[in-house]
Amino acid sequence: MHVEEGSVVAHEPMGSAYRVLTLRLPRVAAQARPGQFVHLRLAMLSDAVLRRPFSIYRVDGDCVSILYKTIGRGTAAMKSIRLGDAMNVLGPLGNGFPLPTADAIALPVLVAGGYGVAPLYFLASRLPRTGLLFAGGATNADILCVECFQALGWDVRLATDDGSLGVRGLVTAPLDAWLGEARREPEFFACGPNGMLRAVGERAVAGGWKGWLSLDRHMGCGVGACLACVQMIRKDGVETLARVCKDGPIFESREVVWEPSEP
Amino acid sequence: MTTPQLGITLAGIRMKNPVMVASGTFGYGPEYADLVDLNRLGAIVVKGISLEPWGGNRTPRLVEVSGGLVNAIGLQNPGVQGFVAKYLPFLRHFDVPVIVNIWGKTAEEYAEVAARLDGTEGIAGLEINISCPNIKAGGSAFGTNLESTARVVGAVRRRTRLPIIPKLAPNVSDIAAFARCCVENGADALSLINSYPAMVIDIESRRPVLANVTGGLSGPAIHPIAVKLVYDAARAVKVPLIAIGGITQAREAIEFMIAGASAVAVGTANFTEPLTALEVVDGITRYLGAHGLASAGELVGTVRL
Ligand SMILES: Cc1cc2nc3c(=O)[nH]c(=O)nc-3n(C[C@H](O)[C@H](O)[C@H](O)COP(=O)(O)OP(=O)(O)OC[C@H]3O[C@@H](n4cnc5c(N)ncnc54)[C@H](O)[C@@H]3O)c2cc1C
Ligand SMILES: Cc1cc2nc3c(=O)[nH]c(=O)nc-3n(C[C@H](O)[C@H](O)[C@H](O)COP(=O)(O)O)c2cc1C
Ligand code: FES
Chain P
6 MHVEEGSVVA HEPMGSAYRV LTLRLPRVAA QARPGQFVHL RLAMLSDAVL RRPFSIYRVD
66 GDCVSILYKT IGRGTAAMKS IRLGDAMNVL GPLGNGFPLP TADAIALPVL VAGGYGVAPL
126 YFLASRLPRT GLLFAGGATN ADILCVECFQ ALGWDVRLAT DDGSLGVRGL VTAPLDAWLG
186 EARREPEFFA CGPNGMLRAV GERAVAGGWK GWLSLDRHMG CGVGACLACV QMIRKDGVET
246 LARVCKDGPI FESREVVWEP SEP
Chain W
2 MTTPQLGITL AGIRMKNPVM VASGTFGYGP EYADLVDLNR LGAIVVKGIS LEPWGGNRTP
62 RLVEVSGGLV NAIGLQNPGV QGFVAKYLPF LRHFDVPVIV NIWGKTAEEY AEVAARLDGT
122 EGIAGLEINI SCPNIKAGGS AFGTNLESTA RVVGAVRRRT RLPIIPKLAP NVSDIAAFAR
182 CCVENGADAL SLINSYPAMV IDIESRRPVL ANVTGGLSGP AIHPIAVKLV YDAARAVKVP
242 LIAIGGITQA REAIEFMIAG ASAVAVGTAN FTEPLTALEV VDGITRYLGA HGLASAGELV
302 GTVRL
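Line by line, the protein sequences are chains P and W. Quick note: the first sequence uses this note's numbering, first residue 6, plus one each step. Quick note: the second sequence uses this note's numbering, first residue 2, plus one each step.
Misleading hints may appear alongside valid ones.
To be verified - Subject to a maximum C-alpha distance of 20 angstroms in a straight line, what follows is the list of computed EDC-like cross-link-like pairs (lysine to aspartate or glutamate):
{"hint": "1", "chain 1": "W", "residue 1": "87", "chain 2": "W", "residue 2": "122"}
{"hint": "2", "chain 1": "W", "residue 1": "17", "chain 2": "W", "residue 2": "233"}
{"hint": "3", "chain 1": "W", "residue 1": "239", "chain 2": "W", "residue 2": "283"}
{"hint": "4", "chain 1": "P", "residue 1": "251", "chain 2": "W", "residue 2": "35"}
{"hint": "5", "chain 1": "W", "residue 1": "229", "chain 2": "W", "residue 2": "256"}
{"hint": "6", "chain 1": "W", "residue 1": "87", "chain 2": "P", "residue 2": "90"}
{"hint": "7", "chain 1": "W", "residue 1": "87", "chain 2": "P", "residue 2": "192"}
{"hint": "8", "chain 1": "W", "residue 1": "87", "chain 2": "W", "residue 2": "119"}
{"hint": "9", "chain 1": "P", "residue 1": "240", "chain 2": "P", "residue 2": "207"}
Hints were generated in silico from the structure; no laboratory data involved.
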């Protein structure tokens, strides 16, 4: 974990609603593992006291990229970032995905909602083998990186709410279709909205498979100090509050205790 | 020109410099230890500890606003035993005073936590949180009432020999009265301020953003409020003051000292920039040098009216 100043080496739109920001961050790049995130300080938003968390999307040499969507005032202000700007980055943070070995029996099955593909692409690029990606989003604008996964040799299945790309419906539709006829055990790696994570987790538990879920919580410090980002976790039958930023963001499906009110 | 003296002794606690980190914003030490050289801090004030482990509030627990954030963590903590077993051994490796922030639901609970920490190796002092806006029992329910302030501070005083530092609530009409009340009941120093009671509503759903409905505002937005309260308290009591509220750089820390604080603590800014406290130390050193002052103490309470 470092606080590192990095200069912007690329900042480009990806499709109509997303952008990729690439920073030269040798120390963060050297440590980064798939599933970890960086906490960006937004100096251009001078009245902001909190950093913004983003999954690590790519690491190329000493450069780190994130893939982000405009959500509110922070990500809107990020549009003004220019080549050569210096940005203050805290990271890499969090635990990251466990990496299956080349001889693992289960087939890696990635499930992504929207910008949830970001950490999954980093994961795919570091895996010694290929598998399936299920990607979902509201419209075709929210389906990202399909070609990059295909270039790595991954089988990609898509779903959109409006049917503009892939199956019409939730990402669980193509996932369930595949599960119905799958001849190999899956090991899930998922990142996306809570409802999607919960659905993937339920399938993992029901099937007796492993399912690694990357949770999204509003964060303060990002390092485990403020206790803003807690999630109830069950370990060895005991429920405890885990910090998503430090003990997560990746948790195994069986550990997560979903709140009844959560979607 | 000689380097200015930054070291101070506050309520018997020797610190290398007057810049501490505030309770709840720096965890228990290990969280920031990879980023911040803990030995360079004036003191570490750890997250509030109660008699038994406490789960805190539901999420969302924190929301950013212009110039600050509103939090309602709800004092989640591992309890006094958990703290001593899990975190104190780590903190003992460092050469930095550890001040334990304590709270309870009754005066007796506060006193019991204090008694259990009394004589425990590695603790320099106790900060008594009578001002947390985020729990129903205890917290600011004590710190906004003179009688219960006296009861809590007095009860803690009778059960510990450690220096005790009540942490005052900002939302009182007469801070001087609370400052005097604490000192009369045995306080060795005072901390001020805690976060200011606040609320944020989502205008689309018309629901409070925080699960706890209300929370406490911290960060740059509360700094001028804190300066006024420190200035008022400094004129009311002689014990040293630890000023807290919206420090992001040396300038605000120096302002607090001029207003009458002997030391300061950095809170919310740790989230923005973990190295803030160390930058404040360097900034104070530069300021003292540039103004021909030999020590930090020469600055305290020098506001010119
Ligand atoms: C571990 C992790 C990884 C993430 N990875 C990505 C990513 O790869 N790409 C991407 O586009 N987004 C990602 N997000 C979400 C991203 O952090 C938010 O979209 C962003 O913080 C919104 O900031 P804002 O100021 O634009 O929004 P505002 O709504 O104005 O922000 C207000 C506050 O809420 C917080 N906030 C708002 N939405 C979210 C959210 N969904 N998650 C967490 N905090 C939120 C902000 O950080 C800020 O503190 C990730 C979140 C987490 C926790
Ligand atoms: C997330 C968070 C948690 C806090 N927890 C505590 C606590 O446990 N006990 C306490 O006395 N103060 C607590 N505080 C208050 C701070 O110690 C400090 O008094 C306040 O934030 C004002 O300082 P600042 O503006 O520099 O943040 C907390 C503040 C924040 C932001
Ligand atoms: S964001 Fe502070 S503990 Fe997770």
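Hint check:
{"no.": "1", "hint": "87/W / 122/W", "verdict": "holds, 14 angstroms"}
{"no.": "2", "hint": "17/W / 233/W", "verdict": "violated, 27 angstroms"}
{"no.": "3", "hint": "239/W / 283/W", "verdict": "violated, 28 angstroms"}
{"no.": "4", "hint": "251/P / 35/W", "verdict": "holds, 13 angstroms"}
{"no.": "5", "hint": "229/W / 256/W", "verdict": "holds, 11 angstroms"}
{"no.": "6", "hint": "87/W / 90/P", "verdict": "violated, 42 angstroms"}
{"no.": "7", "hint": "87/W / 192/P", "verdict": "violated, 34 angstroms"}
{"no.": "8", "hint": "87/W / 119/W", "verdict": "holds, 17 angstroms"}
{"no.": "9", "hint": "240/P / 207/P", "verdict": "holds, 17 angstroms"}
Consistency note: the structure conflicts with the earlier hints numbered 2, 3, 6, 7.
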